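Participant: Chain by chain, the residues run as shown.
Number of protein chains: 2
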Amino acid sequence: MFFKSKNLYIEWSEVTIPWLKIFTIEPYREITDCPSYAIDELWRTVLICEKTLREYYKPDKINIASFGNQLPRVHIHIMARFADDSHFPESMWGERQREGDLILPDRAVFETRLIAALNAANVCS
Amino acid sequence: MFFKSKNLYIEWSEVTIPWLKIFTIEPYREITDCPSYAIDELWRTVLICEKTLREYYKPDKINIASFGNQLPRVHIHIMARFADDSHFPESMWGERQREGDLILPDRAVFETRLIAALNAANVCS
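Protein chains in written order, with our numbering: chain A, 1 to 125; chain B, 1001 to 1125.
None of these hints come from the bench; they were simulated from the model.
Computed from a prediction, not measured in an experiment: that's the story for all the values here.
Be aware that a few hints might be false.
Stated by the list, open to error - Between beta-carbon pairs, the in silico distance windows are:
#	chain 1	residue 1	chain 2	residue 2	range
1	B	1016	A	73	19 to 27 Å
2	B	1122	A	29	21 to 29 Å
3	B	1099	A	5	20 to 28 Å
4	A	104	B	1097	28 to 36 Å
5	A	95	B	1016	16 to 24 Å
As the list claims (entries may be wrong) - No farther apart than 27 Å at their CA atoms in a straight line, the calculated lysine-lysine pairs in the DSS-like style are these:
#	chain 1	residue 1	chain 2	residue 2
6	A	6	A	21
7	B	1051	A	21
8	B	1051	A	6
9	A	51	B	1021
10	A	21	B	1021
11	A	51	B	1006
12	B	1051	B	1006
13	A	21	A	4
To be verified - Where chain A lies over chain B, by a calculated footprint (3+ residues, C-beta under 8 Å):
#	region
14	1007 to 1016
15	1116 to 1123
Ideal Cβ positions, reconstructed from N, Cα and C, are used throughout, including at glycine.
This is chain A alone, in the form it adopts within the complex:
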């Protein structure tokens, strides 16, 4: 976890692409179980994550997903996908296509930028 606000936190998924997971702090089962202020913050955070991932990593596509079948608790995956990553054009839950060893810029710089963007949008840590 590298960011936490009153309603949500963000962590990396430990894989070979830039892959963020946003969790609500309260363990709601579905998005429509969340109170509206938490949904608003969740959507705003998704957009800020997407925008910052695009600006920093310049991916070929952004992928977003909310499943939670194994862990029925609201969390949203936001992934920066590249044409030469391990699974493209399949989803990261699909069949592996290649080795996909991407050379990616420094993650810590991205974190600093994302946190600044979230704070500027009043998603405050």
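Based on these hints, arrange chain B on the given structure of chain A.
Facilitator: Showing chain B alone in chain A's frame:
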């Protein structure tokens, strides 16, 4: 396509679970390329689809995804998942787990309810 507003349309994905796809009418590449009024309508529509799917089909989990790697155009998948469907607990892009012949209530009744809920929320056809 069974619903169309000024900014988006909704169609079924032809598979064995209740699976909706929401497309923006303008072919934006990423959600953050959409104008804010279209993003607002998209999020509101996602919530209304989720709520109506839950009420009508009583699924074990809702899954939501936005990929577009093959077709780089904003569209959001909303799926009603059941413990005995073909892929559960894997995502619908993961490995098939079983035959999964679900007996589901009438799709036309669901469409009528969803359209009424969208219109009531000013997502107007």
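Participant: Next step is simple, just say for each hint if it's right about the structure.
Facilitator: Hint check:
no. : hint                          : in the structure
1   : B/1016 with A/73: 19 to 27 Å  : 26 Å, holds
2   : B/1122 with A/29: 21 to 29 Å  : 27 Å, holds
3   : B/1099 with A/5: 20 to 28 Å   : 44 Å, violated
4   : A/104 with B/1097: 28 to 36 Å : 33 Å, holds
5   : A/95 with B/1016: 16 to 24 Å  : 20 Å, holds
6   : A/6 with A/21                 : 16 Å, holds
7   : B/1051 with A/21              : 23 Å, holds
8   : B/1051 with A/6               : 25 Å, holds
9   : A/51 with B/1021              : 23 Å, holds
10  : A/21 with B/1021              : 23 Å, holds
11  : A/51 with B/1006              : 25 Å, holds
12  : B/1051 with B/1006            : 22 Å, holds
13  : A/21 with A/4                 : 12 Å, holds
14  : 1007 to 1016                  : violated (count 0)
15  : 1116 to 1123                  : violated (count 0)
The structure fails hints 3, 14, 15 (numbered hints given earlier, in ascending order).
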